[in-house]
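As you go down the protein sequences, you meet chains P and E in turn.
With the working numbering as the guide, the letters of the first sequence map in order to residues 1 to 744.
With the working numbering as the guide, the letters of the second sequence map in order to residues 745 to 973.
Everything labelled a hint here was simulated from the structure, so no lab data went into it.
All C-beta atoms, glycine included, are put in the ideal place defined by N, C-alpha and C.
Stretch by stretch, here's where chain P covers chain E in the computed footprint (C-beta under 8 Å, at least three residues):
{"hint": "1", "segment": "778–787"}
{"hint": "2", "segment": "913–923"}
{"hint": "3", "segment": "931–938"}
Residues per chain are reported as follows:
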Amino acid sequence: MKLSRRCFLSFSLGTTVGITLSPLPWKITDDLSIWTQNWPWTPVPRDGAYSLENSACTLCPGGCGISVRKVDHRAVKIDGMKDHPVNDGGICILGASGLQYLYGPFRLPSPLKRVGERGEGRWKNISWKQALTEVSEKLSEIRSNGEPEKVAVISGKKEGTIACLLERFLTVYGSPNFMTPSTVEDSYEAALHLMQGSRASVGFDFENADFVLSFGSGILEGWGSPVKIFQAIGKLKKDGSVIQVEPRLSNTAAKSDRWVPINPGTEAAMIMGVAHVIIREKLYDENFINTSTSGFQKYQSLVMEDYSPEKVSVITGIASSQIVAIAREFAKASKPIAICGRGEGRIAGNVHETMAVLALNALKGNFNREGGLWSVPKPDYIKWAEAKPDQTALEGLEKGRIDGAGSKEYPFMTSLLDRFPKMINEENSYGIQALLVSNANPLYTMPDTEAVKKAFEKIPYIVSFSSFMDETAQFSDILLPNPIYLERYEDVPTAAMYKKPVLNLTKPVVKPLHNTINTGDIIIKIAKSFGGSIADAFKWRDYETCLKETLGAQWEILKKQVVTEDKNFVANSPALETNAGKFQFVADDVNKSQNSKAGIPHFEDLGINGAAGNFVLIPYDSMPLSTGYVASAPFMLKVVSDKALYHQDTVVQINPETALILGLKEGSYANLETSVGSARVKVTLYDGIMPNVIAMPSGLGHTAYDDYMGNGKGVNINQVLGVVEDPVTGLNAAWGIRAKFSKA
Amino acid sequence: MSASEEKTKEVSEETAGKGADKSKEPSNAGIIFIFFVLGLGVSIMVGWILFPKVLYSQKEQPFDFNHENHMLMVDNGCQSCHFFREDGTFSGAPKLEQCIDCHYDIHGGSEDEIIFHEQYVANNLEVPWLIYYKQPNCVFFSHAAHVINAEMDCRTCHGDIGESTSLPVYEYNRLSSYSRNIWGQNIAGLKRNTWDRMKMSDCSDCHQRNNVNQNSVQTLKGPCFVCHK
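I would like the entire structure built from these sequences, with the hints used as guidance.
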C-alpha cells in the first residue's frame, strides 16, 4: 500500500466532515465567545443577605444619619438615613464615599512605631501592649519631671465623650492645653457670647425663612450641615430668595437669585451699609429694638456716621443704589436671615463681622423664632463626677494655656489652635514635650503649613490616633489607630448650624477590619496605668461602659434609632443671658484698650499679610474637595473640575484682564508667591472673578494617604495662606493673602 | 526497423502501460476511502468523546452530602434549607449558621460529618459549596419570580437532586468557567428533561412557551433586558 497525497487529502476531508458532524466547533465557538467576556478583574458583587443598618456619619460636623447597605457582613453602600432630622434621606458626596475610607489601603493596620527619621515613612509594627506602655511611660516621665503642662492635645472634636475624655485626662494629668481647630462656628459662638451672653452654638432655621442674605457663605459649598442646607435652600428658593454677596461667582452665587460681587474682605462694610439703610428708613423691628436690646443708640450712631451707602460703595465696590435695594428687600421680608462665614466656614473670621451679622438679624428681631436665628444650647448630657487633679496637676494647670485662650487677652475663648504654632516657634512659651492628635490632621489643615511643620519639629514626641496615614500621622512618632466611624461606637452631639440640639450615635455596622482600638479605650487604659488621681477619674471598665453610663436611658434609644432630637425644643425667646437680659449691640466683655470701637459691630480692615504683591489671593471651597481631617476620597476626586485640578496641577482662576496684562493664556503656568510660601500653578480665565484677584481651590495637595487620595495632586492652599489674629477673639481672621503673581 | 517504426512501438508501449495503471484504480480508491473513513472516525471520536473530557474539568465538593436523608428530616421540603429571605431574595446554599442549627454537635459520625465539623464548624468557616446551577454574573435571575409567583417546582430546573444520596461530580468548563449543568451533560446540547440544560435559549423557550411578559418589568425594555439588566 502506497500512501499518496490523495490519501492525506482524503484523511483531511474525513476529519473535516467528522469535526463538522461533532459538537466541537459549535460548542467551542460558544465557549470562546463567553471566555472573551469573562475577565478575571471584572468586579463581581458577592451574593448574600441584604440588610440596612442605620448609624451616624462623622466625616464632617454635619451630624447626618446614614443607612449602610450590607450584603451579609460586608458594607457595600452608604445612603442618607430616612427621617433623620438633619438630612432626611439625603447624603453628600463625602458621606457617600465613606466606604472608601473603610476599605482604603491608606488605613493604619495596627499600632506603628517610627523607625526612620520623622516623615521618612519607615515604621515598625508593634503590639498594642508595647504601644500603650511606651506612651504611658513617656507621659509619666514628663509628669514626673514636674512639667505636665507640656503635654498638649489637638482634638478634631470639641464635644462628645472622646473629646471630654481627652480633656479630662489632660486636666487630671495637669495640662490645660486641650485645643480644637477653629471654624466660623467659633466666631459665631464668640459673637453670641458677646451680644447675647449665652454660651451657645448658632443655628439657622432656613426651612422656614423667606429671604437669605449671605455674605460669602458657601451654602452650596459645604457651609454648615451641607445636606440640611441643600434641602432647605432648595425649598426656600421656591417661595423666597437668596442673595449672595461674594467676590467670586461661586456655585452658590450662580444658583442664587442674585449675585452681588464685592471687593474681597469688605463684607462687614456691606453688612453695616445694609443696616444703615434699614435704620435710616426705619424699617427695623421697633418693638424688638425697644424692649429686647441695649446699646442700640451707640450702634446706630456708628452705623449712621460711617456706613452710608455712598461710603460703603467706595469700600465694597457695590453701587449705593444696590445697597439700598438689598436693604429694602431684606427689611421687607417677614423672616429674613443674614449669614456670614466665607466658603464652607473653615476660617473663623473677624468677630466684628460676625457681630455685624447678628446685629443685622437683630434689626429684624428674627431671633429664636421660626425662620430665624437660634441659640442652640451646648450638649449637657455628659455629667461625670468632677475630676480631682492632684498637686502636680494643679501646678501644671496654673501655668495657663500655651495658645493664650482664656488669658487676659482673650478671656472668653476656650481654644486658639491657630496661635499654637506661633507660640511654639517664637520660643517665648514654655514649649511642648508631647502632643496627642485625635481626629485631626493639623499638618494639612492649618494655615502656613511650613510654620506648623517647624513647630511640630520642636515637639519631641507626637502621638496620632488617626485611622489613616495622613500628613500628621506621617510626621508622628507613634500611631495608635482608631477604628473608623463604621466600626466603632461614639456619640456625635452636634450638627453644624442646625437649629435644634441633636444627639447621634455612630455604631459598629461592620467588624473592625484592622487591629485598631477606640481612642476612648486607649485614654482609659493609659489613665489607669498611672494610678492615683488620674486612674480615679477614669473608673469605667472600658469606653463602651463609659458611653453607656454617660448616655443612661438614651443609650438603648440611640442604639435603636441612631438619633434623638428634642422636637419641642424652642430656644428661650429671646435667649438672652446678658446682665440686662437684653441683646447687646455693644458688647462689654471686650478689651477696648487697642480700639475704641471694639465691642461694637463694625468693618475692620485687619489687613492680610504679605507686604509685597499687587494681587489678592482668596481661597474657595467646593463640595468634592474635603478640607478637613479626612482627605477627599477617590469618588470625590473623580468629579473635581479640570478648572480646579488639571492632572497634577492646581488651577487658579483669574480675570481675563489680569491674564492679558501678565501675558497669560488659558492653561499657562504661573508662579504664585506670598509671604508664607510659593507655588507653581496653572491658570484658567474666568469672568466671574474681578481683576487682580486670584481664586485658588482648597482641599488639594495632599502629601500623605496615597495616589488615589490626592497625594501629589495640586498644591495645599495652606502652604501659601497665613494667619491674621482677630484682636478680640484671637481666632484666625485671614480671608486671603497678598500675592505676587507672574508668568512661569 | 526504421526510425518511424521504433517511435510507433514506443508509443504503443506507453499506451499499453497506461492501460495497465487503469486496471489498478479501484484498489487505490479504496485506500483513499479508508483514509476518509479513518479521518471521519478519528475526528468524530475527538469531537464527541475526547473534546468533552478535555473541555470539562472535575472538582471535588468539600465533602459529600445526602439530600434524601435531609429531606426526610425537614418539614418544609427544599425551602427548609434553601429558603427565601424576608425581602424576597433567595438564600441559595445554606450558610454555616443554618447548618449548625441542627449540626451543633457531630451527628452520626460519618466521614463527611467529621470533615464538616473539624474543618468548618471548628474554624467558623463557610463551606465553599460548588453550585451546579449557578447562572453567570451577567444574568439577572430571581428565584422568587419563578418559585413564588409562577409557582414552579424546584424540580423543573434542579431535577431530582433532592432525592439524591450523594452529590454528583461537579464539572466546570475550562474556557468559560461555567458549571457543566448550564450547557448540560449532553455535549450536543440535547436535552430530555427541563433541568438538563440552562442556557439562554432554554430560558427564552420556556418564557415564550408560557407566554411570560416579553419585556423587562424593571426597565420596560425588550426581551434581552428580562435577564440582562
